[in-house]
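If you follow the hints, you should be able to join the two separate chains into one complex; please do so.
Residues per chain are reported as follows:
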Amino acid sequence: MSFDEIYNIALMQGFAGLSLFSVLLLMGLGLAIIFGQMGVINMAHGEFMTIGAYTIYLFSSLTETHAPGLMQLYFPFAILAAFAIAFIFGWLVEWALIRHLYKRPLDTLLATWGLSLGMQQVFRSTFGPKEVSPTLPDWLMGSWSPSEGLDIPINGLFVLVLTLLVTGGVLLALYKSRWGLRVRATVANRPMANATGINTRRTDRLTYAIGCGIAGVAGAAFTTIGSTGPTSGSLYIVDAFLVVTFGGAGSLLGTVASAFGIAQTQSIAEFFLTGSMAKVLTLLLIVTILMIRPQGLVASKIRR
Amino acid sequence: MAEKKDPIQTPLTDEQRRKVLMGMAAAPALMVPGLALAQAGQFPTAKVNTTKLAVTDTEVIVGQLHSATGTMAISETGSIQAEQLAIDQINAMGGILGRKIKVIKEDGASDWPTFAEKSKKLLVNDRVACVFGCWTSASRKAVLPVFEKENGLLYYPTFYEGLEQSKNVIYTGQEATQQIIWGLDWASKEKKAKTYFLVGSDYIWPRTSMKIARKHIESVGKLGSVVGEEYYPLGNTNFNSLINKIKVAKPDCIFAAVVGGSNVAFYKQLKAAGITGVKQFLLTLSVTEDEMLGVGGENFAGFYSSMKYFQSLDNANNKGFVEAFKKAYGPKSVIGDVTQAGYLGPWLWKAAVEKAGSFDVDKVVAASPGIELKTAPEGYVKLHENHHLWSKARIAQGQPDGTFKVVAESPELIEPNPFPKGYQ
Numbered sequence: 102m103s104f105d106e107i108y109n110i111a112l113m114q115g116f117a118g119l120s121l122f123s124v125l126l127l128m129g130l131g132l133a134i135i136f137g138q139m140g141v142i143n144m145a146h147g148e149f150m151t152i153g154a155y156t157i158y159l160f161s162s163l164t165e166t167h168a169p170g171l172m173q174l175y176f177p178f179a180i181l182a183a184f185a186i187a188f189i190f191g192w193l194v195e196w197a198l199i200r201h202l203y204k205r206p207l208d209t210l211l212a213t214w215g216l217s218l219g220m221q222q223v224f225r226s227t228f229g230p231k232e233v234s235p236t237l238p239d240w241l242m243g244s245w246s247p248s249e250g251l252d253i254p255i256n257g258l259f260v261l262v263l264t265l266l267v268t269g270g271v272l273l274a275l276y277k278s279r280w281g282l283r284v285r286a287t288v289a290n291r292p293m294a295n296a297t298g299i300n301t302r303r304t305d306r307l308t309y310a311i312g313c314g315i316a317g318v319a320g321a322a323f324t325t326i327g328s329t330g331p332t333s334g335s336l337y338i339v340d341a342f343l344v345v346t347f348g349g350a351g352s353l354l355g356t357v358a359s360a361f362g363i364a365q366t367q368s369i370a371e372f373f374l375t376g377s378m379a380k381v382l383t384l385l386l387i388v389t390i391l392m393i394r395p396q397g398l399v400a401s402k403i404r405r
Numbered sequence: 002m003a004e005k006k007d008p009i010q011t012p013l014t015d016e017q018r019r020k021v022l023m024g025m026a027a028a029p030a031l032m033v034p035g036l037a038l039a040q041a042g043q044f045p046t047a048k049v050n051t052t053k054l055a056v057t058d059t060e061v062i063v064g065q066l067h068s069a070t071g072t073m074a075i076s077e078t079g080s081i082q083a084e085q086l087a088i089d090q091i092n093a094m095g096g097i098l099g100r101k102i103k104v105i106k107e108d109g110a111s112d113w114p115t116f117a118e119k120s121k122k123l124l125v126n127d128r129v130a131c132v133f134g135c136w137t138s139a140s141r142k143a144v145l146p147v148f149e150k151e152n153g154l155l156y157y158p159t160f161y162e163g164l165e166q167s168k169n170v171i172y173t174g175q176e177a178t179q180q181i182i183w184g185l186d187w188a189s190k191e192k193k194a195k196t197y198f199l200v201g202s203d204y205i206w207p208r209t210s211m212k213i214a215r216k217h218i219e220s221v222g223k224l225g226s227v228v229g230e231e232y233y234p235l236g237n238t239n240f241n242s243l244i245n246k247i248k249v250a251k252p253d254c255i256f257a258a259v260v261g262g263s264n265v266a267f268y269k270q271l272k273a274a275g276i277t278g279v280k281q282f283l284l285t286l287s288v289t290e291d292e293m294l295g296v297g298g299e300n301f302a303g304f305y306s307s308m309k310y311f312q313s314l315d316n317a318n319n320k321g322f323v324e325a326f327k328k329a330y331g332p333k334s335v336i337g338d339v340t341q342a343g344y345l346g347p348w349l350w351k352a353a354v355e356k357a358g359s360f361d362v363d364k365v366v367a368a369s370p371g372i373e374l375k376t377a378p379e380g381y382v383k384l385h386e387n388h389h390l391w392s393k394a395r396i397a398q399g400q401p402d403g404t405f406k407v408v409a410e411s412p413e414l415i416e417p418n419p420f421p422k423g424y425q
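As you go down the protein sequences, you meet chains A and B in turn. Anchor point for the first sequence: position 30 equals 131 in our numbering, and the numbering is continuous, going up by one each time. Anchor point for the second sequence: position 186 equals 187 in our numbering, and the numbering is continuous, going up by one each time.
Everything labelled a hint here was simulated from the structure, so no lab data went into it. Remember, predicted model here, so these are calculated numbers, not experimental data. Any given hint could be a false lead.
Simulated crosslink set (DSSO-like; lysine-lysine; CA at most 27 Å straight-line) [as the list claims (entries may be wrong)]:
1. K121(B) <-> K48(B)
2. K142(B) <-> K231(A)
3. K328(B) <-> K231(A)
4. K231(A) <-> K406(B)
5. K327(B) <-> K231(A)
6. K231(A) <-> K333(B)
Derived DEER-like restraints, expressed as beta-carbon distance ranges [as the list claims (entries may be wrong)]:
7. G270(A) <-> N318(B): 35 to 43 Å
8. P146(B) <-> L241(A): 48 to 56 Å
9. E149(B) <-> A111(A): 38 to 46 Å
10. G331(B) <-> L241(A): 24 to 32 Å
11. W245(A) <-> P234(B): 27 to 35 Å
12. L171(A) <-> E151(B): 55 to 63 Å
13. N318(B) <-> E165(A): 30 to 38 Å
14. I390(A) <-> K328(B): 55 to 63 Å
15. M392(A) <-> V249(B): 30 to 38 Å
16. L273(A) <-> K328(B): 37 to 45 Å
17. S226(A) <-> D89(B): 53 to 61 Å
18. K251(B) <-> V339(A): 33 to 41 Å
Beta carbons: idealized from backbone N, C-alpha and C, even for Gly.
Bound-form chain B, shown alone (with noise of 0.2 Å):
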C-alpha cells in the first residue's frame, strides 16, 4: 500500500511529514477492515480537517459532477458509474480513515456554464472533501478556474488532448502522447505503415491529437508521410465523399479520432463502401467498449484501437473488476477505457489521503506525486508528480461479436507529458 512508500523522496514540509508518519503508524490498523472505527479515533476530525471541509467523525462528503442528462450522457454513465463502484468498495473496507464516504451528485447537463455553476455550489456550498467529475475537456475548461480560486481537488477521467496541468487536478486517463505515439510506432512496426490519413470531428481534442500525430509521423518519429488530414463537424453522419478520398489516397494507415454519433456513421459507411478489416489497416482513438454498442461489431471488425485499457485485459486485478461492475449495472453492461480511468479516481484519492493522513486538498495534493495503485483493473499505475498518472499503452483488435481482443502492449509504463517538447 502507499503508506510503505517511501515519503522521504518527495519534498515535504515538516508538518507534512508528522502527517505522513501518522499515516504509516496507522497502516496496520488498515488492512483490517474492522479496526475501522477505531482508526477515527486515531485521526480526530480537528486534525485531518483544518479546511473547514464537510468532515464530520463518521463521514467525509465528497462531489460528484457528470452529465447525467443531454448529449453527453451516453459517455458520462460509465463514468458515474465506476466512480460510485469505487466508493461503494471503500465503503465496504471501512471507509477512508474511519469515515464512510458520502456522495452528492450533481448534474452538469451536457452544458459548461452548468458545469461552472455546479463545481462552485459543491466547493463553496458544500464544502465536498473533492470531486470526481468532467468528461469533456470543454467541461473541466469551464470548472478549472473554480477549482484553483476555491482549491478544490478534481479526479478526471477522460483520455484528453494534454497541454495542461494544474495543482487542482489529477487526471487519472491519457494525456495525448501516451495515447497517440506508442501506436503510431506499432503501427510502423508490426503493420509496416509508411503512409497514414488523419481524419477527426472539428474540436479541439482531435485537433491536437492529430498535430501530434503528424509530427510524429513526419519528423520526430520518421514514420513516413501523411497522405490526408480531415476535420468534420461534430454529428456529420455522411462521409461517403471522405471515403473516395481515402480511396484515391490509398494509406497504409487511416488513424481516426471521430466521436459521438458521427463516429457510428463514420464505421458504418465505411463498411458500406467495402473498406473492411481484412482489406484496410485503421488504428482510432476514440472507439472504446461503450461507442462499439453504437458502431456494431460487424462494422468495426479487424480494426483497431489504441488505449490503455479494454474490457477483455487478462488480469486478476480486472477479473475482480468485470466482476464487480457487471454485478452492480447488469450482465450487459460495458466497460470502456474511460470507465476504468473513473474508477482509479476515489482509489487514488484514498491513498492519497491516507499518505497524507489529512483531508486537507493542499496535504492531499502535497502527497499525490508517487502514489502507487497495484489493484487497478488496467494493472500497476504511478500518479507523475505532473499530476498525470504512468501508463501502460495497449492495442486491441476489434471482433465481430463487439468485444476487443489486445493484440499488443507497451513493455514498460509510458512516462505522461502533457508538455510534449518538438511536438508544438
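Chain A on its own, in the form it takes in the complex (with noise of 0.2 Å):
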C-alpha cells in the first residue's frame, strides 16, 4: 500500500468521524433542549424524526408527480417544512399532554413512550409498513473526489453542514435571545422566573416545540444517509439519549463533547475492530465514565 492510499485513507476514516459526529449531534440536539432545559423525558422523540423523514418522502413525491422540473431545488423547502410541522405537531402534544404532567417526571416517559406507539401505528397505516425512499435531488448524490482515491460523501458534507447551522442557530438563540434568556431563567428557577413575570408556560410549550422541530430537521436529514420507515425512529433514540446523558443534561456544550467523543472512539474502534466490538468498546467507556462521573461530560451550573 503506498503512501498516498494510506494518507487518502486516514482522511476518509477522519470525515467518517465528522460525519457520524454530526449525526449525533443533529439527533441529540432537539433532546437536549427537550430533556436537559425541560427535564422532560421524551420517549417520542424518535418519532418527531420521522414525522420529518415523512415529510421529505411526500415533498419528493408530490414534486415528483406535479412539478418534475424542481427535482433539484425542493429540498431545502422540504427541510424548512419538515421543521414547521414536527414544531406545530410538538406544539399540540405540549398542550395536549405533557403539560399535565410537569411534576410528575416518569410519567411524561410512559405518557410518550405510548404517543411514540402510537405514532409509528399511524406512520404505518397512511404511509404502509414497507420502508420508502425519497428521490433525492442528484447533486446530493455521490461522492466529491478531489484527487484519486479519495471520496468524500456528499451527503455526509450535507448533515455536517446543516449541524452546524442548526447547533449555531440554537446556541445563538439560547444566549442571545428573549426566549432564550426566559427559557434559562425558567431552568434555573422556576417560581422566581414566574414571579418576574415570565410566562413560563409559554416558554416551555415553546421549547418543547423548538425541540421537536429539531427533530422534525434531524429526520430530514437522515433521509440523504438511511431508510424512513414507521419504526425508524426508534433506531434513533437509544443513540439520542446516549448522546445526552453522556454530555450532561442540560448543557448544550456538553451535548456536542459527547457526540464528538462517542463519534470519533465508535468510528476509530470500528476501523480497527468489527462492527459490534466497536460499539460494546463505546458503551463499556461510556458506562465506565458516567460511574466516575454521573453528572455527564459537562455539569450544568443550576442549583437543584
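What follows is the structure in C-alpha cells.
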C-alpha cells in the first residue's frame, strides 16, 4: 500500500468520524433542549424525527408528480417544512399531554412512549409498513473526489453543514435572544422566573415545540443517509439519549462534546475492530465514565 | 397434477395407500371446478378428518400467523398478501376436496412469545388444518415446540439459515446452501472473483450464511480467499468506517447480508463513498424487490442479488401471478422472493391434501415428499423428503429504476440440504 493510499484512507476515516459526529449531534440536539432544559423524558423524540423524514418523502413524491422540473430545488424547502410540521405537532402534544405531567417526570416517560407507539401505527397506516426512500436531488448523491482514490460523501458533507447551522442557531437563540433568556431563567429557578413576570408555561410550550422541530430537521437530514419506515425513529432514540445523558443533561456544550467523543471512539474502533465489538467498546467507555462522573461530561451550574 | 405421480415410490402404510388411490380416483373430478360439490360427497368428513380438525362438509379452516404490526410488518406484509391470493384462487377453483378454505388471521406483532401463544391458540382452540406463517427464524423457533407438541403443520416461506428439519414444518423458501453456493460459484466463474469481503447484520441468519460462504470460498469450493468478515448490530445506520475498511481490502467481491433499515443505509453510503456497480462487484443475499423500495434503484444499480425468484422472471406462470397480484393489491405493489415462496404454501398444501385424500396432519405430511408444482411462478418445484423445496438459484442485477434483470440461472434444480456436510 502506497503512502498516498494510506493518506487518503486516513482522510476518509477522519471524515467518517466527523460525519457520525454530525449525525449524533443532530439527533441529540432536540432532545438536549427538551430533556436538558425542561426535564421531560421525551420517548417520542424518534417519531418526531420520522415526521421530518416522511415530510421529505411527501415533498419528493409531490414534486415528482406535479413539478418534475423542480426536483433539484425542493430539498431545502422540504427541510423547512419538516421543521414547521414537527414544530406544530410538538406544540399540540405539549398542550394536550405534556403540560399536565410536568410534576410527574416518570409519567411523561410512559406517556411519551405510548405516544411514540401510537405515532408508529399512524405512520404504518398512512404510509404503509414498507420502508420508503425519497428521490434525492442529484447534487445530494454520490461523492466529491478532490483527488484519485479520495471520496468524500456529499450527503455526509450536507449533514455536517446542516448540523453546524442548526447547532449555531440554537446556541445563538439560547444565549442571545429573549426566548433563550426566558428558557434559561425558567431552568435556573422556575418560581423566581414566574415572579419576574416570565410566562413559564408559554416558554415551556415553545421550548418543547422547538425541540420537536429540530428533531424534524434531523429526521429530514437522515433521509440522505438512511431509511424511512414507521419504526425508523426507534433506531435513533437510544443513541440520542446516550449522547444527551453522557454530555450532561442541561448543557448544550456537553451534548456537542459527547457527540464528538462517542463518534470518534466508535468510528476509530470500528476501523480497527469489528462493528459489534466497536459498539461494545464504546458503550463500556460510556458506562465507565458515567460511573465516575454521574452528572455527565459537562455539569450544568444550576442549583437544584 | 400431483395425483398422477407414482405414489408407490414413497413408503406408505396400507391405509395411506388406500387414501392415495382414492385421491387418484378423484383426479378427473378435480380438473373441473364445477364438480367440486360432488367431490365433497366423495370425501365424507368422517373420513378426511379423523383428528378433530376444523373441517366440515363445506369448509376447512386454516390459520395465518404473521406480523401485521411491529418492526417485521415491513417484510411480512408481502407474505400475508401472497398467501391470501393463493387461497382465494384455490377457493375460486372449488377449494380442496370440495371444501372452501376459510382463514383465521392472527397477528404475531413482531414479538416471538406472541407467536408461540397465537400458534397455540390456532392449533388448540381453532383446530386449524394447517398454518401459513412466520418470517424470522426467531419466530419459527418460538412456534416450533408448539407445532411439534400439538402435531400442527406449518408452511414457512422465508429463505433461512438451514440446520433445521421438522416433521411439522414445510419450508418453501431456500435453505442457506441453495442461495449461497451456486451464487458464489457464479461470482468466481463469471466475475473472476478471487477475494471476498463478507458483511452481515449481527444475528443468526447472516452469521450462519457467512460461515457457509467462508467454508465454500476457502476449502470446499476453493474459490479464493476471504479478506474481511464483518457484522454490524441490527439497526446500525453508520457504515462509513466499514466502507473505508473495504477500500483498504480492495475485494473482488463484496458479499453482503445486511437486513432491515441498515440495508438502506448501507447502500446509500456505499454510493456516497463512490462504490457503485460500475466500479465494484457486489453480491447480496438480502435485497429483493421489497427491500429495493427503501434502498432506491439509484443506490443499488449495477449490484447483484442471489435469490430463487425475481418479479421480472419471464415465464407464463409468473406473468399470470404478477398480474393477479397487482390486480389484488394495486399496480404499485412489488413481489419479492419471500412473497413468492409464501404463495407456494397453500398450493403445496392443496396438492398434498389431495394426494393424501385427507386433511389429517400425519397423512398430509406423509404425502408431502415428492409433491410437484408445475404452476409455481418461479417455475417447476418439487418437495424433498427433508421438507425443503428443490428449486433453481438465480442471480439478477439491480437496475436504476428499481427492478431486477435476471442474468443467470442454475441449469438444474438444486437439491435442498439443510445439514450440509463439510460446512459445519
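Hint check results:
1. A distance of roughly 25 Å separates the Cα atoms of K121(B) and K48(B); the hinted pair therefore holds under the 27 Å criterion.
2. Between K142(B) and K231(A) the alpha-carbon distance is near 24 Å, which keeps this suggested pair within the 27 Å criterion.
3. For the proposed pair K328(B) and K231(A), the alpha carbon gap of about 19 Å is at most 27 Å, so the pair holds.
4. Restraint check: the Cα-Cα separation between K231(A) and K406(B) comes to about 22 Å, which is no more than 27 Å; the hinted pair holds.
5. For the hint linking K327(B) to K231(A), the alpha-carbon distance of about 16 Å falls within 27 Å, and the restraint holds.
6. With a C-alpha separation of about 12 Å, the suggested pairing of K231(A) with K333(B) holds against the 27 Å cut-off.
7. Evaluation of the 35 to 43 Å hint for G270(A) and N318(B) yields a failure: the beta carbon distance comes to about 58 Å.
8. Checked against the given bound of 48 to 56 Å, the beta carbons of P146(B) and L241(A), roughly 50 Å apart, stay inside it.
9. Checked against the given bound of 38 to 46 Å, the beta carbons of E149(B) and A111(A), roughly 55 Å apart, lie outside it.
10. Between G331(B) and L241(A) the Cβ separation comes to about 29 Å, which falls inside the hinted range of 24 to 32 Å.
11. For W245(A) and P234(B), the Cβ-Cβ distance of about 29 Å falls inside the hinted range of 27 to 35 Å, so the restraint holds.
12. Distance hint check for L171(A) and E151(B): the Cβ-Cβ separation is about 59 Å, which falls inside the suggested range of 55 to 63 Å.
13. Distance hint check: the CB atoms of N318(B) and E165(A) are about 34 Å apart, consistent with the given range 30 to 38 Å.
14. Take I390(A) and K328(B): their Cβ atoms lie about 59 Å apart, and the range 55 to 63 Å holds.
15. For M392(A) paired with V249(B), a C-beta distance near 35 Å keeps the hint of 30 to 38 Å intact.
16. Against the hinted window of 37 to 45 Å, the Cβ-Cβ separation of L273(A) and K328(B) comes to about 57 Å, which falls outside the hint.
17. Checked against the given bound of 53 to 61 Å, the beta carbons of S226(A) and D89(B), roughly 23 Å apart, lie outside it.
18. Distance hint check: the CB atoms of K251(B) and V339(A) are about 34 Å apart, consistent with the given range 33 to 41 Å.
The earlier numbered hints that this structure contradicts are 7, 9, 16 and 17.
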